[in-house]
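Undergrad: Single-letter residue listing:
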Amino acid sequence: MSLDAAAGSRDVGSIVRSFAWIVPAALLLLAAPFVIDPFQTLTLTYGLVAAIGALGFNLLLGYTGLLSFGHSAFFGGGAYTVAFLVKYLKIASMELFLAGSVLASAILSVLFGYVCVRYTRIFFGILTLSLSQVLWSLAFKFFWVTGGTDGLRVPTPKLLGAEPTGDKMDFLAHRYYYYVLAVFAVCALLMWVVVNSPFGKALQAIRDNETRAEFIGIRIRRYRLIAFVISGIFTGVAGALWAPLNGLASPDILVWTFSGEIVFMTVLGGFRTFVGPIVGAVAFTYLKTYAVGFTVYWQLLLGTVLVVLVLALPTGIMGAVGWLMSRWKKAS
Amino acid sequence: MDLLATRALAKSFGDNRAVDGIDFNVRQGEVLALVGANGAGKTTLVNLVSGLLRPDSGQIVFAGEDVTRQSSYERIKTGIARSFQIVNLFDQLSCADNVALSIFSREGKTTKLTSLASRDQGVWAEAHDVLRRFGFDRQMVVPAGTISHGERKLLDVAVAYALRPKLLFLDEPTSGVSTREKAPIMEIVSSIVRAGGITVVIIEHDMDIVFRYSERIVVMHQGSILADGTPDEIRRNDAVTTTLIGTLAAGERAHGGAGHAGS
Numbered sequence: 001m002s003l004d005a006a007a008g009s010r011d012v013g014s015i016v017r018s019f020a021w022i023v024p025a026a027l028l029l030l031a032a033p034f035v036i037d038p039f040q041t042l043t044l045t046y047g048l049v050a051a052i053g054a055l056g057f058n059l060l061l062g063y064t065g066l067l068s069f070g071h072s073a074f075f076g077g078g079a080y081t082v083a084f085l086v087k088y089l090k091i092a093s094m095e096l097f098l099a100g101s102v103l104a105s106a107i108l109s110v111l112f113g114y115v116c117v118r119y120t121r122i123f124f125g126i127l128t129l130s131l132s133q134v135l136w137s138l139a140f141k142f143f144w145v146t147g148g149t150d151g152l153r154v155p156t157p158k159l160l161g162a163e164p165t166g167d168k169m170d171f172l173a174h175r176y177y178y179y180v181l182a183v184f185a186v187c188a189l190l191m192w193v194v195v196n197s198p199f200g201k202a203l204q205a206i207r208d209n210e211t212r213a214e215f216i217g218i219r220i221r222r223y224r225l226i227a228f229v230i231s232g233i234f235t236g237v238a239g240a241l242w243a244p245l246n247g248l249a250s251p252d253i254l255v256w257t258f259s260g261e262i263v264f265m266t267v268l269g270g271f272r273t274f275v276g277p278i279v280g281a282v283a284f285t286y287l288k289t290y291a292v293g294f295t296v297y298w299q300l301l302l303g304t305v306l307v308v309l310v311l312a313l314p315t316g317i318m319g320a321v322g323w324l325m326s327r328w329k330k331a332s
Numbered sequence: 001m002d003l004l005a006t007r008a009l010a011k012s013f014g015d016n017r018a019v020d021g022i023d024f025n026v027r028q029g030e031v032l033a034l035v036g037a038n039g040a041g042k043t044t045l046v047n048l049v050s051g052l053l054r055p056d057s058g059q060i061v062f063a064g065e066d067v068t069r070q071s072s073y074e075r076i077k078t079g080i081a082r083s084f085q086i087v088n089l090f091d092q093l094s095c096a097d098n099v100a101l102s103i104f105s106r107e108g109k110t111t112k113l114t115s116l117a118s119r120d121q122g123v124w125a126e127a128h129d130v131l132r133r134f135g136f137d138r139q140m141v142v143p144a145g146t147i148s149h150g151e152r153k154l155l156d157v158a159v160a161y162a163l164r165p166k167l168l169f170l171d172e173p174t175s176g177v178s179t180r181e182k183a184p185i186m187e188i189v190s191s192i193v194r195a196g197g198i199t200v201v202i203i204e205h206d207m208d209i210v211f212r213y214s215e216r217i218v219v220m221h222q223g224s225i226l227a228d229g230t231p232d233e234i235r236r237n238d239a240v241t242t243t244l245i246g247t248l249a250a251g252e253r254a255h256g257g258a259g260h261a262g263s
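Sequences listed follow chains Z and L, in order.
Residues in the first sequence are numbered from 1 upward in steps of one, following our numbering.
Residues in the second sequence are numbered from 1 upward in steps of one, following our numbering.
Next comes chain L alone, as it looks inside the complex:
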């Protein structure tokens, strides 16, 4: 069953058709990877679905409901959450505050003016639990602006996860992170979202990660969908190989390895 379906979704920036009439669907419970070279339209597509951008035309249906005209605020309430390619955190607030704010918001408590936030034991217990699962045991009271880049990427995911979304977009969760840190980040994220039964769309350039963690891959090229299939099908797809992975990586593939795209 489709959790999300877009119909003829389009968005242009001047003459550039960033998203060119796309029919994109996400099935309930799957981990889908959205790949493509820089400028393929991946982030624009996520921005359209999450409500950061308004489409020029087309329709977005989420969980059977037309959300095309809904504000980002309303879409979050219906269960769409996201992380960001360039990390967006509340830098002066602690890691615990960052996650607790998602919980306060989810429970509709951010409108409370006359009670102390610190007194809401339920919220803090959940925030601490989420942080522990993401490996922030020792950094709960540390300002989010002072932790390492890799940790910030992970905290950005934790903030979105604490909203308990039905659909979670992860926009390059390992970009700018050292190769050594990538696998641990993806292991944590993958195990938590699978345990929570959350449907995930992950934008990623690192094809090792894409092949390892996704069940289905959608390849975008110049605002359109070039290919859609299982990791094995995408590996065998020559159109994808030539346009996305490139000749060097194709050579690697011939020797049994997966290449890196996007550079």
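Isolated chain Z (complex conformation):
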């Protein structure tokens, strides 16, 4: 999706044409559980969950120009919210899990954001990293509340009030998959509206030139904070969806290397486009799943991919696709 502002004068026909790819993509996603095996569907579910988190992350990186190294805090915050709701309030409804995670990650991101948006660049990155590490150490040390390194178990939830039935794998690869797909579709649509709204344009203005943004009357800190909170909520929702899928909320999703994975998937897909983080999240999930299965040195493999990516495809998968398409259009 282009950010060009021809958007201002684009007619409906051209908008429809630029979104024509959504129809086959949606059909493929809808048909997936009947075409691929449950393990593959499960991997795809993990990918879609990560995509929601990456979409949230990219509101900061791609649209506001802020590189957060602390998004594990919101992802983990969402997952632990679900675990706490199960353990302490005996709640089993996925809708309540989502509502709880929205509230918890909103509170968390207001607190973090209030401190972090005063800074930019490396200072912002380091601050987000430090704050997320505080949360990790809390989960790690307060083991009587959080389960420590063992984490907290999250059973399969009720979806829209319906009790989970049958085999767990079957439930996750079908009903839960469609549930995640629906939440993903809603999140992607919401985020698309946000980045294309006047507010989204103002964020891009701040990203490009904060002095000028200030001198057309935009209150940059306030806008950055709002972007930070929206970003945190999206990533928190992803964490909430992830918890039942994984069956466990554990401190390894709060640690800073997990924030690094969110950065990795966004850069892999391409942070300059709207779809980039989605493609990157799904691609990364598959890449990691197969790398882990293929070799014990999977980190080495992923590291190599990252180096090659930065050197050969700095604009990520979607940047390369865009470049190839423009070449193809010129040639034809």
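Please note that the accuracy of each hint is not assured.
[Stated by the list, open to error] Just a few of them, taken from the derived set where beta-carbon distance is under 8 Å, the chain L residues facing chain Z:
{"#": "1", "residue": "Tyr73"}
{"#": "2", "residue": "Lys77"}
{"#": "3", "residue": "Asn88"}
{"#": "4", "residue": "Gln92"}
{"#": "5", "residue": "Asp97"}
{"#": "6", "residue": "Leu101"}
{"#": "7", "residue": "Phe104"}
{"#": "8", "residue": "Arg106"}
{"#": "9", "residue": "Thr111"}
{"#": "10", "residue": "Lys112"}
{"#": "11", "residue": "Leu113"}
{"#": "12", "residue": "Leu116"}
Hints were generated in silico from the structure; no laboratory data involved.
These numbers come from a predicted model, not from an experiment.
Beta carbons are placed, not taken as given, at the ideal position from N, Cα and C, and that holds for glycine.
Given chain Z's structure and the hints, the job is docking chain L onto it.
TA: Chain L in isolation, oriented as in the chain Z frame:
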């Protein structure tokens, strides 16, 4: 009537008194040129009035209101806008976006999260109109980072103009631009601001442009105001000639031409 008045405005950077207790006033509707050698304090004065810098002491009154303690954000709302010596644009966004953002902001619409920016026909019609008047007919969808330096200087003015300010500061609108491009830029800017009845303060080193386009000239030197008068009065002012224009240009003046200052 004074639109802007500063009283004993001062700002120091270490031992350097960049602006040294200045009483500077701008009258409603005039085009005023602020001139002086590099380091005279012109840009610091504009930074103080526009809110980029906080003064050490003194007062700034704009349209009858004390704005000394106001943030730059509040000053823009009261009608002070500016362009920059080093161009500040939203480089990845198109020229149309750059101007439309000023309009969205002016109308208080940048807080809207749930409607598409592209659907606001009124804003885009105005943005396109502003761009056409500044000569950007063919570059509306081009990213601002890809146009020429002269065009970027002009777009920077257009972005400030779209805020519909009462007072517009133009900080060296033709710096770094080839001599050939200077006059067309100034013709466009001058005709648009005059048609809009906007009060303008222009910082400029090129004395040809200063004498041609301004109605009043304020000369700054080492943080103070050295002279204040019409272009004719400034031309005849020997203090200005020696400190600002220099001996070479003074020679030119004797032959009926105006010199270049600031180098």
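Undergrad: Hint by hint, say whether it matches the structure.
TA: Taking the hints in turn, this is what the structure says about them:
The beta carbon of Tyr73 of chain L is positioned within 8 Å of a beta carbon in chain Z (closest approach about 5 Å), and the interface hint is therefore held. Contact between Lys77 of chain L and chain Z, as hinted, is supported at the beta carbon level, the nearest pair being about 6 Å apart and thus within 8 Å. Because the beta carbon of Asn88 of chain L sits about 4 Å from the nearest beta carbon in chain Z, less than 8 Å, this interface hint is met. At a threshold of 8 Å, the smallest CB-CB gap from Gln92 of chain L to chain Z is about 5 Å, leaving the interface hint in force.
For Asp97 of chain L, the shortest C-beta to C-beta distance to chain Z is roughly 4 Å, which falls under 8 Å, so the interface hint holds. With a least beta-carbon distance of about 5 Å to chain Z, the hint placing Leu101 of chain L at the interface is held under the 8 Å criterion. Because the closest C-beta pair between Phe104 of chain L and chain Z is about 5 Å apart, less than 8 Å, the hint holds. Interface restraint check for Arg106 of chain L: the shortest CB-CB distance to chain Z comes to about 7 Å, inside 8 Å, so the restraint holds.
Hint status for Thr111 of chain L relative to chain Z: holds, with the closest Cβ pair at about 6 Å, below 8 Å. With a least beta-carbon distance of about 5 Å to chain Z, the hint placing Lys112 of chain L at the interface is held under the 8 Å criterion. Annotation: Leu113 of chain L was flagged as interfacial toward chain Z, and the flag holds, the nearest CB pair being 5 Å apart, inside 8 Å. For Leu116 of chain L, the suggested interface contact is upheld, since its CB lies about 5 Å from the closest CB of chain Z, less than 8 Å.
No hint from the list above goes unmet by this structure.
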